[in-house]
Amino acid sequence: MSTETAAPVQMINVQIDGVWLQFPKGTRVIEACRQAEKLIPHYCYHPKLTSPGNCRMCLVELGSPKMTPDRKPIIGADGKPEIGWIPRPQISCAQDVSEGMGIRTNSPMVLESRKGVMEFLLINHPLDCPICDQAGECKLQEFSVDHGNASSRFLERKVKKPKSVELGPRVTLDAERCILCTRCIRFMKEVANDDVLGIVDRGTFNSIAAHPDRILDHNYSLNTVDICPVGALTSSDFRFKMRVWFLKDTSTVDVNCGTGSNITISSRENVIYRITPRDNEAVNGCWLPDSHRLNFKFVSSPARLTAPEVRPQLGDEKPSWQQALNLAAEALKRNAGRVAIIASGRATNEELFLVKRLATILNANVDILPRTGDADGMLIAADRNPNTTGAKLLGVATGQLAQIVAGVKDGSISALIALGEDATKAGLTEEDLAKLDTIIAADILPNKTTPHADILLPAAAWCEKRGSMINLKDRIQRLNRAVVAPGGARDDWEILRDLILAINGSNGLHNIDDVFKAMAQETPALAGLTLSRIGDLGVDITIP
Amino acid sequence: MAYIVPRPELTFKEKAYLPSILNGLKITFGHFKKMMRGETKVTMQYPEERWDAELPEHYRGAPTLVKDEHDRERCVACQLCEFICPPRAITIKPMEIPADDKFAKVEKRPAEFEIDMIRCIYCGMCEEVCPEQAIFLRKDYAITGITRAEMVHDKAKLYELGGVFKGLVHKWNPEK
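Each protein sequence line maps, in turn, to chains G and P.
Going by the numbering used here, the first residue of the first sequence is number 1, and it counts up by one from there.
Going by the numbering used here, the first residue of the second sequence is number 1, and it counts up by one from there.
The shape of chain G in the complex, shown without the other chains (with noise of 0.2 Å):
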């Protein structure tokens, strides 16, 4: 009989600081310093990139077991082997740990190449940290502050380098505060598999480049700017725009694609400035496409809906929500039996749980709008619904929009609620729309769909509520409200549950997290989660 297990991982006794820890075989010296909260200073190393050990930031000082003359260890007076340590400091990043290894993170020795190293790097640097958009996030300052000198020694001129280089439509070099720790090109070179960058001229006068014929236009390539230590690499979008010191972050899920990509969105006082990867090693490791990072101005858009609005012979110009939502009750009851609806697959999971609640209450056919694009083998999937998962399993996305479609065509359907996408996207005319007896859109920017809603409700933007969605990969995440919804714009759910209450009476959800705990007792597959148990990373879940 043969068991097929996987081989033990092998752990090696390695001493830090005096401290004797195990770590699995293979795990680099800053890695196994970081697990035991040793911090090392670097640059160059980066979790997710090979090691060229060039920055010499991260010296410490390693020892070897001392070996007699038949090579064994000699044991101490404590039971543990004695080390001899390597008079020379070492570069913690480029190597393994191995068994009987002593590591000293904050012996005087490392301490004071730390300062050496630091001074050097300091050397031709501008530092203009008023000016740089890295100052307050940048590794430069920080390690500066612990292992800098307050005066540079260094008397000759600076070297000039070019500043203000677009690389790319999107990324700015400065070399001038390059540390040529080369991440960029290891980043373009192995996980963006576009070896554009590199470096260029010799000795002191290294800067870094793209290829004479090429230019950083990568659909990754802002995610140099996330590992750039200094500011060497900036948005050209982000640029001079705002302090990182006034941005408040906020953890939540991109929705362009059904990767669901985990970010953080840096806002100040109401308006999103950007937006970064957020590590996650089940979705998104620490990368996001540039395409998903800058898909968010529409937010701060002029034309957003502010306030509902119904069409003229219904009644006020200026309805309150109250009687905007009635009117869209009394023309639905009108209309019972011969409604539709089409919700949106970037709606989140509470929002479609009360669009299926609405559809069972009106008995009208629902369907979410299928959107696809090209998948790009590393982030962006060819699904661009961030939710068809959570649609699929709250019984939305049923596959009825073609009757949908022909029943609008042939007069069957005389009622048309759109959730937050263009009808006319869907194969419908705008002439279609026109004969239908009544059309409720919920939206937050104004679409070929809008001018012909009798009743129009301001809904707010993915990055404006709270919700939960699940990836392709069924993991279920959480957004996460970063700015307030503009003028009298409304969460998408309380839209629904406001009209679920305008026609049906009393439902007993007050907030979203009353309606994740209805939504998950009547879907075995959220069983026992709540929107807190989701946490930010997100829990994977079975789907049957």
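Among the clues, some could well be false.
Restraint ranges, calculated between C-beta atoms of paired labels, are given here [to be verified]:
1) G:Ser236 - P:Pro86: 33 to 41 Å
2) G:Gly487 - P:Met44: 52 to 60 Å
3) G:Pro47 - P:Pro86: 39 to 47 Å
4) G:Arg334 - P:Ile146: 55 to 63 Å
5) P:Asp52 - G:Phe246: 32 to 40 Å
6) G:Asp249 - P:Pro86: 19 to 27 Å
7) P:Pro56 - G:Ile215: 54 to 62 Å
8) P:Arg60 - G:Ser291: 47 to 55 Å
Here are a few chain G residues that face chain P, going by a calculated C-beta distance under 10 Å [unchecked claim]:
9) Asp128
10) Cys132
11) Asp174
12) Trp245
13) Phe246
The calculated lysine-lysine pairs, modelled on DSS-like cross-linking and capped at a C-alpha distance of 27 Å, are [to be verified]:
14) G:Lys72 - G:Lys25
15) P:Lys105 - G:Lys160
16) P:Lys102 - G:Lys163
17) P:Lys67 - P:Lys157
Everything labelled a hint here was simulated from the structure, so no lab data went into it.
Since the model is a prediction, treat every value here as computed from it, not as a measurement.
Just so it is clear, CB atoms sit at the ideal spot from N, CA and C, and this is done for glycine as well.
Following the hints, position chain P against chain G.
This is chain P only, laid out in the frame that chain G set:
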């Protein structure tokens, strides 16, 4: 715990009160006489008379922006003053200096720089925090206006009050 306050034993003279009153009147009439002869002067006729010449060197009046000897705005819009300002009186909108500008090398300057003088508490933190020595508290103390908008000093007003400061930082001189 109860604490008994010891009362002083008053003499007959003290109990009579009158001597104390007379003593007080003597002091009052003394001052009155000096005033009538013009020997003391206690009121300054502001605003006709001002104390400006005697303002100490460290006096903290209205914060202003200054230019350097090359007529360059010293401020590079680092927004540290906006960050440090305790009453949040400062609002800065940064911009990139266009490539054809004389000072394109500096890269950044404020597009808008506003100090709300209703909020300002004249604490001088902005001057202390400024890494470019661009903001100084000058000796203007009579900041008045009839509307709230008038009390917001914009960039033009701040440079008008601040003027030119020579020397200090040479970071942006062409030779450096």
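Hints, verified against the model:
1. G:Ser236 - P:Pro86: 33 to 41 Å: 34 Å Cβ-Cβ, so the 33 to 41 Å window holds.
2. G:Gly487 - P:Met44: 52 to 60 Å: Given about 54 Å between the Cβ atoms, the range holds.
3. G:Pro47 - P:Pro86: 39 to 47 Å: This hint holds: roughly 41 Å between Cβ atoms.
4. G:Arg334 - P:Ile146: 55 to 63 Å: holds, 58 Å
5. P:Asp52 - G:Phe246: 32 to 40 Å: Roughly 38 Å apart at Cβ, these two residues keep to the hinted range, so it holds.
6. G:Asp249 - P:Pro86: 19 to 27 Å: Holds, at about 24 Å.
7. P:Pro56 - G:Ile215: 54 to 62 Å: holds, 59 Å
8. P:Arg60 - G:Ser291: 47 to 55 Å: holds, 51 Å
9. Asp128: holds, 8 Å
10. Cys132: With a closest approach of 9 Å, the cysteine 132 (chain G) hint holds.
11. Asp174: Aspartate 174 (chain G) check passes; min Cβ-Cβ to chain P is 9 Å, inside 10 Å.
12. Trp245: It holds, given that the least Cβ distance between tryptophan 245 (chain G) and chain P is near 6 Å, below 10 Å.
13. Phe246: holds, 7 Å
14. G:Lys72 - G:Lys25: holds, 20 Å
15. P:Lys105 - G:Lys160: holds, 12 Å
16. P:Lys102 - G:Lys163: Distance ~15 Å between lysine 102 (chain P) and lysine 163 (chain G) Cα, so the pair holds.
17. P:Lys67 - P:Lys157: Holds, at about 13 Å.
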